[in-house]
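There are 4 protein chains.
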Amino acid sequence: MIAVLKRGTTPEQTEHLIAWLKNMKLDVHISSGQEVTVLGLVGDTSRVDIELLSSLEIIESVKRVSEPYKQANRKFHPNDTVIQAGNVKIGGGHFAMIAGPCSVESEEQIVGVAKDVKNFGADILRGGAFKPRTSPYAFQGLKEEGLRLLLEAKKATGLPIITEIMNIRALDLFEDVDIIQVGARNMQNFDMLQELGKTNKPILLKRGLANTLQELLMSAEYIMSEGNENIILCERGIRTYETYTRNTLDLSAVPVLHEITHLPVVVDPSHATGKSALVPSMAAAAAACGADGIMVEVHNNPACALCDGAQSITPAQFLELNRTVRAVREAIQ
Amino acid sequence: MIAVLKRGTTPEQTEHLIAWLKNMKLDVHISSGQEVTVLGLVGDTSRVDIELLSSLEIIESVKRVSEPYKQANRKFHPNDTVIQAGNVKIGGGHFAMIAGPCSVESEEQIVGVAKDVKNFGADILRGGAFKPRTSPYAFQGLKEEGLRLLLEAKKATGLPIITEIMNIRALDLFEDVDIIQVGARNMQNFDMLQELGKTNKPILLKRGLANTLQELLMSAEYIMSEGNENIILCERGIRTYETYTRNTLDLSAVPVLHEITHLPVVVDPSHATGKSALVPSMAAAAAACGADGIMVEVHNNPACALCDGAQSITPAQFLELNRTVRAVREAIQ
Amino acid sequence: MIAVLKRGTTPEQTEHLIAWLKNMKLDVHISSGQEVTVLGLVGDTSRVDIELLSSLEIIESVKRVSEPYKQANRKFHPNDTVIQAGNVKIGGGHFAMIAGPCSVESEEQIVGVAKDVKNFGADILRGGAFKPRTSPYAFQGLKEEGLRLLLEAKKATGLPIITEIMNIRALDLFEDVDIIQVGARNMQNFDMLQELGKTNKPILLKRGLANTLQELLMSAEYIMSEGNENIILCERGIRTYETYTRNTLDLSAVPVLHEITHLPVVVDPSHATGKSALVPSMAAAAAACGADGIMVEVHNNPACALCDGAQSITPAQFLELNRTVRAVREAIQ
Amino acid sequence: MIAVLKRGTTPEQTEHLIAWLKNMKLDVHISSGQEVTVLGLVGDTSRVDIELLSSLEIIESVKRVSEPYKQANRKFHPNDTVIQAGNVKIGGGHFAMIAGPCSVESEEQIVGVAKDVKNFGADILRGGAFKPRTSPYAFQGLKEEGLRLLLEAKKATGLPIITEIMNIRALDLFEDVDIIQVGARNMQNFDMLQELGKTNKPILLKRGLANTLQELLMSAEYIMSEGNENIILCERGIRTYETYTRNTLDLSAVPVLHEITHLPVVVDPSHATGKSALVPSMAAAAAACGADGIMVEVHNNPACALCDGAQSITPAQFLELNRTVRAVREAIQ
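Protein chains in written order, with our numbering: chain A, 177 to 509; chain B, 177 to 509; chain C, 177 to 509; chain D, 177 to 509.
Do not rely on the hints blindly, as some may be mistaken.
Stated by the list, open to error - Here are the simulated lysine-lysine pairs, DSSO-like style, with alpha carbons at most 30 angstroms apart:
#, chain 1, residue 1, chain 2, residue 2
1, C, LYS239, B, LYS239
2, D, LYS239, A, LYS198
3, D, LYS294, D, LYS331
4, A, LYS331, A, LYS265
5, B, LYS182, C, LYS251
6, B, LYS239, C, LYS246
7, D, LYS246, C, LYS374
8, A, LYS182, D, LYS246
9, D, LYS246, D, LYS198
10, C, LYS265, C, LYS374
11, C, LYS201, C, LYS239
12, C, LYS201, C, LYS246
13, B, LYS201, C, LYS239
14, D, LYS319, D, LYS265
15, C, LYS239, C, LYS251
16, B, LYS246, A, LYS319
17, A, LYS377, A, LYS251
18, C, LYS239, B, LYS198
19, B, LYS198, A, LYS201
20, B, LYS319, B, LYS331
21, A, LYS251, D, LYS246
22, B, LYS239, C, LYS201
23, C, LYS319, D, LYS246
24, C, LYS331, C, LYS374
Said to hold, decoys possible - Below, a sample of chain A positions facing chain B; criterion: calculated Cβ distance under 10 angstroms:
#, residue
25, GLU227
26, LEU369
27, GLY373
28, ALA386
Hints are computed from structural coordinates only; laboratory data are not their basis.
Idealized CB from N, CA, C, for every residue including glycine.
With these hints in hand, go ahead and build the complete structure from the sequences.
Below you can see the structure in the form of structure tokens.
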């Protein structure tokens, strides 16, 4: 961390500041140039309140030189992390196509869709049992029964499954789930992240609606700092002023994350756009910029889906989407 | 809910749609004009997926005529809700000044600040025991010990206290807390909201970083639908592209919320701006547009605060802020 | 346009409203259902102030049924527009690779880069002569001399050229320019748009920093309503809260625009990301979701570029980018 | 400007960089600490491309120590600027209430409103003659005739007038206008700003829809660098994801601008909110946080206004608004 002192700072003021900083167990190195005096702060700067330091009268500006995330940082872990879910690998060149309905609705539905997406190229089955809904009056998912049905679909197809957790008290129910999803609204539910850090389950961590990529990595860090390094990041659209799409899919997140972290990055074009007609194009675009996986909603009868039907594609559309995505991946090799 | 059909829709298609809607237990009223055919949907439309309906081929557009929130809706509850916290009232003309440090740090600190802010005009004491921090390596609050010290400060001054809950499993610890705060990051932690709805504690619900006012009311609705109607809404700044302030304080939220809901509205200028120099001006502005309360961070030694010191004002500044806020309230009567 | 009346509206109020609407030369069709009364407004509703209408006491809500853009609307012009610039076509299946430096700096530089990008696959040469810069103290481009040098490069390579206009009074200087660019900051400089509408030059219209896709089309409509239908739309990133990239490239704009308008859509990943390392990935993604062209900044010595060097790639990187983009286009056929 | 070098930078690389920087006519001061090497760059750093410098391989980070605006900077001009428009002063403790219709529609209308707002407390008359409208098909203002009528209203009441310019070629028509308004859409129409800088007219410069406060000051700098220092800044709402209000009024802009610039700051709550019911509250809030003036739309018959009627208040409402605003100003003294 670098702190630049204002011109006119007296030696007494400087000493006072240095004493305060050393009190926080930091080493302080002074660089006095003709024009500026710069303090280099070394040690565990992650506890320093950068805004407070900036607000001191004698401080011109403060700048972090190192990123606040450690375990997620590619600088310290140059090799790609590869996540194993069942017999499927994600990251480090391994690509996973994740597909399935927004909500589990019935055994017939989930097993049917599971067989379809497996036949048409999916590697992993998705399906919601606990559904976060803006309204308390909307369908909230089949909950435990939904989880049970999802496991039936896993048994019937052999596909690993991913589903969302909404309350850490339900963790026991997720024992046979292959990847636990943390939804956008819970990206900064820090207590839940820490509890998930104590498991060794793969976690798919969705970027919050208005969170920066650095905040996403800090949330990954919450999980990793408790010991669980099996994290998949997921870009699912951010909130902007544009209303034509539900959210704005920020695909530059893919190459950016690949640059700054070793964790795999999956893209969810269904929730991002909210419109099934846009899903195939955006899935192809995600593959083109290097995503390690794509997660799409597929429903055998979108017009009857209990939630988010507007963004679901049919199995036939999924077949075509999968073909294009695989071809695009070939093209960028 | 109103659904406008596309021109050229056949009678068969229309009938098919109506059957589908009736299947969702909705009454459907047809208005066929020369130019447009409009379906009026009556019944519990809160379960209708508006995006799905919009995506159907024969639908031109869909519009909700009624708001999706019921219990928070001023239409159905025209009178202002007044919240009672200890001997303090908020809402319906009652104004509360809430002040205290970001974090509880020690008994001396919290009791000292509590006495100061009481003498200088505060009605309620705030102080964080469980602190949501972006980084797992930052100070996370004194937790249970912090709560204990806060209760000491309550005993010493008689001020009701407000403090944040981060995990519903800690609810028992909040028995003697007068107002439980739900932070911005947990505004859509729906499981926690529902649990809080089963208590009868006053809840201060902060608007999420990028949530609309309607979403804020839907989260209030989650609490109210479980039986707890003691809710105070809090505007604390939203995330925008502007970086000079930490967030952008959306003060128009105050008159808007007063128009559409009967719940009281409090403003937190400290977290919104992130800079102590801006807090007094924005507190005065909040009072001028009708806020039912203002919550500010006050610390006896901001430069040593363990978190968010940059946005804390001193007790002396609080004295002046309180004077101005009360004068502004007089002016707008 | 559909206006829904509030329940309890009296027949007198309704008649008064209808008279007012007819006064605006609209036909009004009444659809009275059991639950709602809906007015269908037919005629030139583009002059109706939708916000004013919504604000009337007896109005529940108002909804435009038809888009406010006409000439840019695919509904009325189902076939793709193909733009001809020199011997190059854009749109309707024709793809154009546009490359060149941010600013024209010298004859050697612009002719050198032009030859390189031509050899490496570019169809059109870009280069800035008039440069919009946030600061009045920053390099503002070589202006007329820059235009002259750009024409030299055109002569030397045969590539059609595109360059930005900043002031309509300079229009005469653009006679031999093949495509005139309207920058993001001038997207709603309506007077300039109307003047450009009186020419028959192809216009590349960049989306403003915080403009919706509908506003982009309304600006195209300003040009088209004056007679010039040669418009290329350009997505170049929008402003969001994320600061890692300069702007957030909204690639879903590509399939959305293809759905609602017949005009070709070009993507500029250089300005969107502001970082050369991200340009190749985002160019590939743009191609994958169907862009009709890609515009990238290429400089023979990015570290010496007078402006925007950080986002420029080298000719060698461009060669590789072009190869990938063409392969991706093959893959999505 | 401060540039921090990466660890491991060789002496040769450092010398090469320093030579390059000196070539840009900068003095370079080296501060070599144990942990970091920092270069202090002195001279005209406004021409340095901070993004380019940051992108160099050996650079860890770059930070501007001084603001890029000079003439608008309070550091160099500590005293408040006071603008004189007719016999009215704005800034430095002088407050101006600006009121009038969105558009000039007829002599009767503008003279009538002018008399009303004068009687009810306005200091300056506003009225649009040239109207920027998103749609080319919407009412664009009475243009020259509108200007003529506005001058009639000035003559009839003695109120100074403010109106918007949309095209610099129309500048001659503004000779008797007291304050020329630059609209949000033209905030970065740099050619127009420079031309206005060659006049000595007071300019009211509106913040763009998605522009930062620093960009607003850089646009002021464009005008000032040509010699015209008579600038009033105007906050009129920024674009965010919230749709309940047309824009989000960023009132913290008022104290922030007062801190960093000496120019007066006016707030326009009418355009910001888009809803007349919110205008009085937000006007009071603007006064409470120290605005030097408030600009509101007043129409004698809002329901018939040709544009923006939804946000106009009546003269009677203006009378009450003015009373409250003046009382709030008293309260904050």
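Index of numbered hints that the structure contradicts, given in increasing order: Violated hints (numbers, rising): 7, 19, 21; every other hint is consistent with the structure.
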